[in-house]
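Q: What follows is the residue order along each chain.
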Amino acid sequence: MSVVVYPRALWVGCAALLLLLLAVVAHLMLAGRPLGLDEVMMGLADPPGTPPRLILQIQEFRLPRTVAGALAGACLAVSGALTQNVARNPLATPEILGVTAGASLGAVAVLVLAGGGHGGLSGAAAAVGLPLAAGAGAILFGGGVFLLAMRRGQDVLDSNRMVLVGLGATALATSLVTWMLTLGDVTNASQALTWMTGSLNGRDWAAVGPMVQVALPLLLVSAAAGRWLLLGAFDDNTARGLGLPLRQSRPLLLLLAVLLAAAGTVMAGPVAFVAMVCPLAARQLCGTVVPPMAATALLGAAFVVLADLVAGFLLPQALPVGVLTTVLGAPVLIALVFRAQRRTS
Amino acid sequence: MATVAHPRAPLREDRRRRVPARGLLLAGALLALALLASVLIGGLESSLSDVWHAVMTPNGSVADVAIRELRWPRTVNGLVVGACLGIAGCLTQAHTRNPIADPGLLGIYAGAALAVVSGALVGGAALQAAPAQAVLAFIGALLACALVFAVGSASRHGVTTVTLVLAGAAVTALAGGLVSMIVLSNDSALDTLRFWQLGSIAVRGGMVPAMLPFLLAGLLLAAVNVPSLNALALGEETAASLGVDLRRSRTVGIAAIAVLAAVAVTLAGPIAFAGLLVPHLARWLVGLDYRWQLPSSAVLGAAVLLLADTAGRVVARPGELPVGVLLAVMGAPFFIYLARRRKLVSL
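Chains as they are written, first to last, in the numbering used here: chain A, 1 to 345; chain B, 1001 to 1347.
Please note that the accuracy of each hint is not assured.
[Stated by the list, open to error] Every beta carbon over 12 Å from chain A, so not counted as near; a handful from chain B, in silico:
1) 1035
2) 1059
3) 1226
[Said to hold, decoys possible] One side of the interface only, derived from the structure: several residues of chain B facing chain A at Cβ under 7 Å:
4) 1024
5) 1233
6) 1330
[To be verified] Which stretches of chain B does chain A cover? Using the computed rule of at least three CB atoms under 8 Å from a CB of chain A, they are:
7) 1090-1096
8) 1182-1190
9) 1194-1205
10) 1317-1326
By construction, these hints were calculated from the structure, which means they are not laboratory data.
We put the CB at the ideal spot given by N, CA and C, even for glycine.
Isolated chain A (complex conformation):
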């Protein structure tokens, strides 16, 4: 098997890596009381004589949040690239696979039903129960959609059918979420809404550590799927003629997309637009037919880390990261509309 290397994609990948590094360092420096670069380095490297307070601040408070943001961004972006490829639709996102709505259902159920009175959810239920419920909801709905979209005796998984089934499942979960929001008191609803917007507030290693072990292998596996993605850009018959094992590749890619989206959503909540915009941006920057996986993942990671830095710490009022990605992502989408129009006219 030959490997195609696109020089431009390589450059873009390097630039994205640099951007991510800058974003991570900036995030560590500015997420809270501003620290100098030397202090961040000291806190990370932990040479003898480092003040324990600094180590605590960097390694226990700031690093988990930065890591969660970067990994969630990478997972969501790659999941978006896979979904767009399999559905052959640039607007397809993991949301239409039911993953996001399922995760929201799980999380909101915990927040509203177990939240009790004022003050909302805290303690063990928040640290362990919430991610667990979100993950369970995501896997349950994503997996359910996947299974329901299959038909016995059918040759290839029909992506259109999968999208339709996903929409049905999403409608079901979303309406239940909407209803649950009216059950508890407004504090619980506010907490639930923050989660549903996508937020990195209060991430610690207890929640982030296990997710790192889930997310990294998934990202590595998806890096190997590049060739399948390239062939998947053709129509079914051509792709099969070129040697794409559609019967295996399509379910596997979708399963990977579901798992990645679930991992990303558990870490940061359903941060909007990362999954849609990052693959498109990677594709346009690299000038390739399918977005290169590495560039997509790096762009996604940098996007979320930077957005969290701005939304959570640089704005006069702290907002969840999802608000900013939405408000930033929408103009990008509008710009893409105009670009596409200029090309056709």
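Starting from the known structure of chain A, arrange chain B on it as the hints suggest.
A: Using the frame of chain A, we list chain B on its own:
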């Protein structure tokens, strides 16, 4: 215009020829049943003779008041909202040639939500009453739709499906982001939003007469639009060569969608799933010919909405479950069944 053969893919399940008239009749029967159930069933048990009494010789008894003042306006409201959503959904799927499109695509729900939330933020309690909310929702829905159309058609070639969908997604996201920004910082606005966005046909029945001119305008636009839809289903180029004025057809169709969906969101809040589900039901019943599909969507939309609303009164006695929740709980499994059963029709 000559009769245009509609693009019927050679489907196994379609070999059994569908008789459209029979399908429409079935939908009508379902609607009659739903109307009856909506008037009869509620917190108070009523019989047919109670209804007869309330209609012919009302004397202010509890049963009379329940039927005349509560259930009848609610039923009429459901009828209007369901029909609007059905037609708007059918037109949206026809113009985008996309079976997963629903009227929310044009930014209507997001625009309405933004207007309602902004009202709660700025106006306080005065703008949180149901009629004020309805007016705000109507204005927000139409503004969002106009913005989507402006962005989507900002080229010399006029509006195309793809740009419209993208513009709709962008405007929806932008409005959604602003809504979360507002409600995350203001608990009173959040309280307004969480109850408004459930969707209900119970509270704004009295607004129906005020919406009547818009309803009629929307229905008229939809009726004018029907003849070009079958040709559009063959693709834009084929439709143009068959003599369809693409730009005119698109503009009329989108105006119809905007007005009808705005009426629906005004009267009931966002009940998004109906616009997606109903056209699929209609196609299942009467096939692809839009001259049948569109009226069937209207009838089925009303029937489905009323049935869901009535079921909501029964399952959670003495309380009620909102119609939007019931619709999704009942409709989603059926929608999934339809998606699984049929070979998908590419519109």
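Q: If a hint holds in the structure, say so; if it doesn't, say that too.
A: For each hint, the structure was consulted:
no.	hint	verdict
1	1035	holds, 24 Å
2	1059	holds, 37 Å
3	1226	holds, 25 Å
4	1024	violated, 24 Å
5	1233	violated, 16 Å
6	1330	violated, 10 Å
7	1090-1096	violated (count 0)
8	1182-1190	holds (count 5)
9	1194-1205	holds (count 4)
10	1317-1326	holds (count 4)
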